[in-house]
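Following the hints, complete the assembly by docking chain B onto the known chain A.
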Amino acid sequence: MAKDKYTFILDLIESKKLNPSQKEQILRLSALEMKKEGGKIDERLNTIEGRLNKLGDNLKVNKKYDRQKHSDKSKNEVSLDILKDSGTTYGKVNVQNDSENHLILHTPNKTVELLKYFTSNDKNLKYSTHSWEYGKFSEYDHFMETIQKEWKGISEDLKKQKNRLHAKISNFLFNEKLGVKDGKYYNSWGDKKLKFGWASPELKEFMISGAMKDPFNCPIPERIKSIEKESNLFYFKDYVAVFKNEIEIREDSNALKKIINSLWEEELSYDFHVKSDNVEGISFYTDVALFKESLKLIFRSFKSRPEFPNIRIKAEKKENSVLIRLTQIESKCRRNIDDPKIISPNGGDLDTIIKSLNGLADFSISATFQDNINYRVNFLASDSMVNHIETIENIDGFTYELKFYL
Amino acid sequence: MKSSIILIEDRPTRQQIFTHDLKINLNNFPLLKNVCGGDEFHLSKEKISNEISFFDDYNVIMIHRSALTPEERNSLIEYVNNKSKTLIFFSGGISSTLIQKIGKGQLLTINSKDFYSENLVLFLENSGKEILELAFGKHWELNLLIGANEKIAYYILNYTKKPLQIILDDLDLPQWIKNKYVNIESGLVEKDQLISINKSIHTDIKKLLR
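Residue numbers (the numbering used here), protein chains in the order written: chain A, 622 to 1027; chain B, 118 to 327.
If we strip away everything but chain B, and leave its shape as in the complex, we get:
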């Protein structure tokens, strides 16, 4: 089976601790090409600048953010933007999990402790199809709905009319939540419209909890 996901890590110790704790071996996942330290790490990193088409075989590229220069990060972002791929930057310095649409592709930024977790195993076991599983775990739908419900409830407290674009950026809602629940025209949004969105989300949370 050809690998469709590549993981590029320059700190082998971190990965070893993680795999030891979870009693798994990342090299046993056929869909994952695990590049962990050593010469292979440097060779793969060099491909970013010298031969970006090296990554054409992979749908998902996971790489330690701090191992890259700004030029390399920029180059990878441009690449996934044009090639409709998923890029994952993990680092100890990233404070929250964020998925952003970048042109035709998407970028997930995640703290390395959240990245090296059971969610990574789950993601790989399910063929690496659902990035939300890696970012937010098995119950990602419920997790994200509860998060959105809480955010909107808090946002409404001191709300004054704002353009939809600002609201969506402030709330940082995942794309699927925007698509499913935010069916309002662009322009200034009334408080009642936000209350209505939150009611729909609340209803679905209750359904998921049954």
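Bound conformation, chain A alone:
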């Protein structure tokens, strides 16, 4: 951050024209600015904090930079802000922590922006999943060249965001060897390991066999049908439909509810009762396979505590996000809040969920812990102002929270 901006912030903080909440807002914005520029965050925030304390504003300064592993680990101390459920700070506590802080800042909304290439009207990649408007592309090669060019522009970014998602899309669009064995295994794409895509030679032949061919009506060749595990794929449009449902939870197939019900049956059994609220009409972009794998692990954790058979799954639609809360009613966390398995999980199911959702969704758990205090532990956050651990007011049971962006 340029020196003049920094001075400007200090001037604003000292201004008597601003109320405490406005000053707090400035502090939050300043932290974001500093993060962008990667400067000496600790030192500068400490200076601003010092000025605020002098002014007696009683503002609670959140040391967010702790969470970005800028922290001085030798102190082994995490600063916790006591938050109301609304997120309003009303106090501070310190918890001894021998482990590395585990809040990961990530950018799931960037993944969504990239996946929107498959639906935005001004993108050619849209037409890999939508019928071609009349005269949109002169021929197959023209289409493939066009999307290849567009893909090049986003490929590296998507790979960084979520490698597995990138591989799935890349294979669906450009792998010419789908259905051909590479050593022991067939080249394929996606969760169902499908073996036909845009670059399959039969699709190309179909397209050049006559004018005005619709690629989506290309029949699937016998050599592919005979090796697919799925039996209901007859035309290329059937593959496209699967692909669309692998990158988006779609309301038109009631996908969220179907996933919940299938996991209830497969993972929990009907000794548990699952009540889902508001899960109809929900759609969001994600890697559906990874999302489902994460839910599977969450359901398994519920199953390990059969004394709490009531599960509630609630989806809340916000302006630019969907928050899914999965609660095992009345269950509490049996561990301490400073247990490394909670605050810095490494190698267990919780760690697997974090890795799966990294780049896809913000992820937290909320529960009453052994000290009878309700905490929310944030593992993946896209907002740099979120604390790793915060105390909250009301809670119905151990809850997993997944926030997807629109």
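Honestly, I wouldn't trust all of these hints.
[Unchecked claim] Sample of chain B residues with no beta-carbon within 10 angstroms of chain A, all distances over it, derived:
no.: 1; residue: K150
no.: 2; residue: K164
no.: 3; residue: D173
no.: 4; residue: I273
no.: 5; residue: Q310
no.: 6; residue: L325
[Said to hold, decoys possible] Here are the simulated DSS-like cross-link-like pairs (lysine-lysine), alpha carbons at most 30 angstroms apart as the crow flies:
no.: 7; chain 1: A; residue 1: K935; chain 2: B; residue 2: K221
no.: 8; chain 1: A; residue 1: K878; chain 2: A; residue 2: K913
no.: 9; chain 1: A; residue 1: K917; chain 2: B; residue 2: K308
no.: 10; chain 1: A; residue 1: K850; chain 2: B; residue 2: K268
no.: 11; chain 1: B; residue 1: K140; chain 2: A; residue 2: K757
no.: 12; chain 1: A; residue 1: K896; chain 2: B; residue 2: K221
Worth flagging that the hints you see were computed from the coordinates, not collected in a lab. Predicted, not measured: the structure shown is a model, and the values here were computed from it. The beta carbon of each residue, even a glycine, is placed where N, CA and C say it ideally should be.
Quick look at chain B alone, frame taken from chain A:
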């Protein structure tokens, strides 16, 4: 006459082919506000984000799903949920027809080829009152009963006891069929109970065919 149904389409060619084939003009239905491409399409689409109350005058909102961003879709779904309206998303990418209750409203998702069909004309000719006509045609009751009968018969084959909620979700039965035929308490459902439901449906199919 004030329009009570709005159709928002960004692909005029598709609509032109449909209206040409059926020799109809959608603009001749007074209850329909037909927004088909051009500036008016963009203006109507912008209302979703900027002035959702624009849709207060319409009971039924029909719109091409792919023309919308996820935020716009979400916004419309929330709107019909709160305002007890019917929302219809049509798209070439939708593989089956599905009616879902969304809060106080309902959502129909339908393939564009099924949407632009004689069923749309029938729906408009009958004042746009019965969404099932648009989704499943003139003989919707018979169509849906036969579909339900077939689904339940198949479902029973490998049936093991399941909660009612799971069964209803698996079968995706229309609300009126659930209301009329599924009079069982929640909890695990016996196979005989499903057989009994299917017998009642079968009886009504026979009545309708007489």
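Checklist entry - Non-interface claim for B:D173: all C-beta distances to chain A beyond 10 angstroms? => result Fine: 20 angstroms to the nearest Cβ keeps B:D173 off the interface.
Next on the checklist: Using Cβ atoms and 10 angstroms as the threshold, tell me whether B:L325 really stays out of contact range of chain A.
Outcome noted: B:L325 is indeed farther than 10 angstroms from all Cβ atoms of chain A, at 28 angstroms.
Checklist entry - Is the hinted pair B:K140 and A:K757 satisfied, with a Cα-Cα distance of at most 30 angstroms? => result Within the cut-off at roughly 26 angstroms; holds.
Checklist entry - Are A:K935 and B:K221 close enough, with their CA atoms no more than 30 angstroms apart? => result Answer holds: A:K935 to B:K221 is near 17 angstroms, not above 30 angstroms.
Checklist entry - Are the Cα positions of A:K917 and B:K308 separated by 30 angstroms at most? => result 28 angstroms, holds
Checklist entry - Holds or violated: A:K878 with A:K913, Cα cutoff 30 angstroms? => result Cα-Cα ~12 angstroms, so holds.
Next on the checklist: Against the 30 angstroms threshold, does the CA-CA distance of A:K896 and B:K221 hold or violate the hint?
Outcome noted: With a Cα-Cα distance of about 19 angstroms, the restraint between A:K896 and B:K221 holds, given a limit of 30 angstroms.
Item to check | Verdict on B:K150 as a residue remote from chain A, using beta-carbon distances over 10 angstroms | outcome: 22 angstroms, holds
Item to check | Beyond 10 angstroms from each Cβ of chain A, as asserted for B:I273 | outcome: The assertion about B:I273 holds, with a minimum of 17 angstroms to chain A.
Item to check | Interface-negative label, B:K164 against chain A, beta-carbon threshold 10 angstroms | outcome: 16 angstroms, holds
Checklist entry - Taking the closest pair, is the beta carbon of B:Q310 still more than 10 angstroms from chain A? => result 15 angstroms, holds
Item to check | Agreement of A:K850 and B:K268 with the hint, judged by alpha carbon distance not exceeding 30 angstroms | outcome: This hinted pair holds, its Cα atoms lying about 23 angstroms apart.
Consistency note: the structure conflicts with none of the earlier hints.
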